[in-house]
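Just so you know, the sequences run in chain order A and B. Quick note, the first sequence lines up with residues 1 to 285 if you use my numbering. Quick note, the second sequence lines up with residues 1001 to 1282 if you use my numbering.
Don't read these hints as lab results, they were simulated from the structure. Each hint should be verified, as a subset may be incorrect.
Stated by the list, open to error - Across the chosen pairs, the derived CB separations fall in these ranges:
1) Leu16(A) to Lys1101(B): 36 to 42 Å
2) Gly1073(B) to Leu69(A): 37 to 43 Å
3) Gly1073(B) to Gln188(A): 54 to 60 Å
4) Gly97(A) to Pro1231(B): 53 to 59 Å
5) Asn197(A) to Ser1280(B): 30 to 36 Å
6) Phe267(A) to Gly1080(B): 28 to 34 Å
7) Asn197(A) to Ala1172(B): 22 to 28 Å
8) Gly1080(B) to Leu53(A): 41 to 47 Å
9) Glu174(A) to Leu1202(B): 44 to 50 Å
10) Asp170(A) to Gln1130(B): 51 to 57 Å
11) Ile227(A) to Ser1280(B): 50 to 56 Å
12) Ala1041(B) to Pro132(A): 16 to 22 Å
From the three backbone atoms N, C-alpha and C, an ideal C-beta is built for every residue, glycine too.
Residues per chain are reported as follows:
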Amino acid sequence: MSKTKHPRSATQDHPLMRVALCAIAIGFIGLFLLLPLATVFLQALKQGYGVALAAITEPDALAAIRLTLLVAAIAVPLNAAFGIAASWAIAKFDFRGKGILTSLIDLPFAVSPVVAGLIYVLIFGLQGWFGPELRNHGIKIIFALPGIVLATMFVTFPFVARELIPLMADQGREEEEAAATLGASGFQTFFRVTLPNIKWGLLYGVLLCNARAMGEFGAVSVVSGHIRGLTNTMPLHVEVLYNDYQFVGAFAVASLLALLAIVTLTFKSFLEWRYADEIAAAHRH
Amino acid sequence: MSLTATFPKKKNRSRSALPGFGLSMGITIFYLSAIVLIPLAALVIRPWSAGFDGFWRIATDHRVLAALRLSFGAAAIGAGINAVFGPIVAWVLIRYRFPGKRLLDALVDLPFALPTAVAGIALSTLYAPQGWIGEPLSHLGIKVAYTPLGVVVALTFIGLPFVVRTLQPVMADMSRDAEEAAATLGATRLQTISRVVLPMLLPSLITGTALAFARAVGEYGSVIFIAGNLPAISEIAPLLIIIKLEQYDYAAAATIGVIMLTASFVFILALNVLQNWAASRR
Chain A
1 MSKTKHPRSA TQDHPLMRVA LCAIAIGFIG LFLLLPLATV FLQALKQGYG
51 VALAAITEPD ALAAIRLTLL VAAIAVPLNA AFGIAASWAI AKFDFRGKGI
101 LTSLIDLPFA VSPVVAGLIY VLIFGLQGWF GPELRNHGIK IIFALPGIVL
151 ATMFVTFPFV ARELIPLMAD QGREEEEAAA TLGASGFQTF FRVTLPNIKW
201 GLLYGVLLCN ARAMGEFGAV SVVSGHIRGL TNTMPLHVEV LYNDYQFVGA
251 FAVASLLALL AIVTLTFKSF LEWRYADEIA AAHRH
Chain B
1001 MSLTATFPKK KNRSRSALPG FGLSMGITIF YLSAIVLIPL AALVIRPWSA
1051 GFDGFWRIAT DHRVLAALRL SFGAAAIGAG INAVFGPIVA WVLIRYRFPG
1101 KRLLDALVDL PFALPTAVAG IALSTLYAPQ GWIGEPLSHL GIKVAYTPLG
1151 VVVALTFIGL PFVVRTLQPV MADMSRDAEE AAATLGATRL QTISRVVLPM
1201 LLPSLITGTA LAFARAVGEY GSVIFIAGNL PAISEIAPLL IIIKLEQYDY
1251 AAAATIGVIM LTASFVFILA LNVLQNWAAS RR
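This is chain A alone, in the form it adopts within the complex:
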């Protein structure tokens, strides 16, 4: 895309229109996006730092933070490994049904988070396929950690794969073929050639995957059972506090999640700006 100067104003909007459109855009984003974000922090600090801090460091909140970190620590690496495997198969090889496979990988984005939780209850819940069997063996999946991890994995399933597939397809396979011809093994080729080429794209996908994994609410809400201090993740803890009319506590925990969102967005913008050529084409604008 060449950047030419436009001395004529043929493709420029009237100054009045520019001001009006800018005002509408800034007003809309301010009202719908910035104001809710600011509200989270203002409500959290309504009664001072001390109260907010106490709400975050109270045992149930700490348990929720630990559980959220644990779930993300399991779900994100698994989905990253899957994303790498899927994009290697799809981007580096030719086979029939590639389009269908890609659509199937994207499928979880089209499913309501509540339905994502529901499907695991139908399989592992007490009245589910394996429910009675699991109970006889004393294994708990629903209302326990495995169910929360499964639901989180479902909703964050496509993030890394959909970032890496177009990126690796763009890069082609000449470099890898050269390495293979020179006698490198498959894993050597991947770690020495492919991984350095996709590292920023991989990081980008992992970043978005992690943000969603830590913030997921609907899917986790169905499978968690809302047991305080045991199966409540941070978003669920926010809900419990809010429904208990403990607004400051709810917003204090929520502000931690909002901070995570801000860090994610900052890092994401940085990657889009600094490594534009090394992340998937869809993000260059």
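Go by the hints and put chain B onto chain A.
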């Protein structure tokens, strides 16, 4: 965000000399089946235990119909609002230069990054009768929180990035030649925009709006706090699934789930057909 990826079509489909196809494909198929396909199949099989009659009885229940109508209706209105404001936001971000533009651009993704429960309690607090936005509106006789209007607000919030992010790359790649030609031929700027620019943007505007709609239909976290959740009035379909599950009425929960799943499949299929049609016209 397009739901289908396109691949460069090579004339000579040579066999790749690279190793690892079997391993990576095996992992992909196994993982996809275990996490996504088999669980979804379990959902689709479930509602038919009482035959088609049982399915139909639940699907046409007054409360279920009201919930589905609200989820789909409010999602459509929210997507419609974003179809108006989304293009303005995208246009300003692509064409204009002003201080704070990068910040504004990053903020557009907030609904992707902010956990939905956090968005939910923030919107609920803002639009409550004593809230910053709710209070002035209540003087005008408009109630937002705890009404179906609140559902629309939450679904507008959640859908905005889909419209803006779908339009932005198209606007950035759009050549200005056509605009210049129109201006040279004597069109006013407004005529140029309505007759030349908007038609070029239409396919991606439809795609972005459709994606916003699809996301909003299934949305749960940002809605339930602001909705008030009155049965048959401000109760969304995903919430009704959870209520049915809590009553151990798995068949009803699965029935609503299957209806929503089928609707989003049909919708995405239609969207793909539309995208292919738009691509073939280019």
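Q: Could you tell me whether the CB distance from Gly1080(B) to Leu53(A) stays inside 41 to 47 Å?
A: Holds, since Gly1080(B) and Leu53(A) (Cβ atoms, about 43 Å apart) stay within the stated range.
(Q) Assuming the hint says 53 to 59 Å, is it satisfied by the Cβ distance from Gly97(A) to Pro1231(B) or not? (A) violated (44 Å)
Q: With 54 to 60 Å as the target window, see if Gly1073(B) and Gln188(A) comply at their CB atoms.
A: Given about 56 Å between the Cβ atoms, the range holds.
**Q.** Cβ separation of Asn197(A) and Ser1280(B), checked against the hinted range 30 to 36 Å
**A.** holds (33 Å)
**Q.** Distance restraint evaluation - Glu174(A), Leu1202(B), Cβ atoms, bounds 44 to 50 Å
**A.** violated (38 Å)
(Q) Quick check: does the Cβ-Cβ distance between Ile227(A) and Ser1280(B) fall within 50 to 56 Å? (A) With a Cβ separation near 54 Å, Ile227(A) and Ser1280(B) satisfy 50 to 56 Å, so the hint holds.
Q) Okay, Asn197(A) versus Ala1172(B) on CB: inside 22 to 28 Å? A) holds (25 Å)
Q. Given a hinted range of 51 to 57 Å, is it respected by the beta-carbon distance of Asp170(A) and Gln1130(B)?
A. Holds - the Cβ-Cβ distance for Asp170(A) and Gln1130(B), about 52 Å, lies within 51 to 57 Å.
Q) Is the gap between the beta carbons of Ala1041(B) and Pro132(A) within 16 to 22 Å? A) At 20 Å between Cβs, range holds.
Q: For the range 28 to 34 Å, tell me whether the beta carbons of Phe267(A) and Gly1080(B) fit it or not.
A: holds (33 Å)
Q) Holds or violated: 37 to 43 Å for the Cβ distance of Gly1073(B) and Leu69(A)? A) Since the Cβ atoms of Gly1073(B) and Leu69(A) sit about 39 Å apart, the hinted range of 37 to 43 Å holds.
Q) If you check the beta carbons of Leu16(A) and Lys1101(B), does the distance land in 36 to 42 Å? A) violated (20 Å)
The structure fails to meet hints 1, 4 and 9 from the earlier list, while all remaining hints are met.
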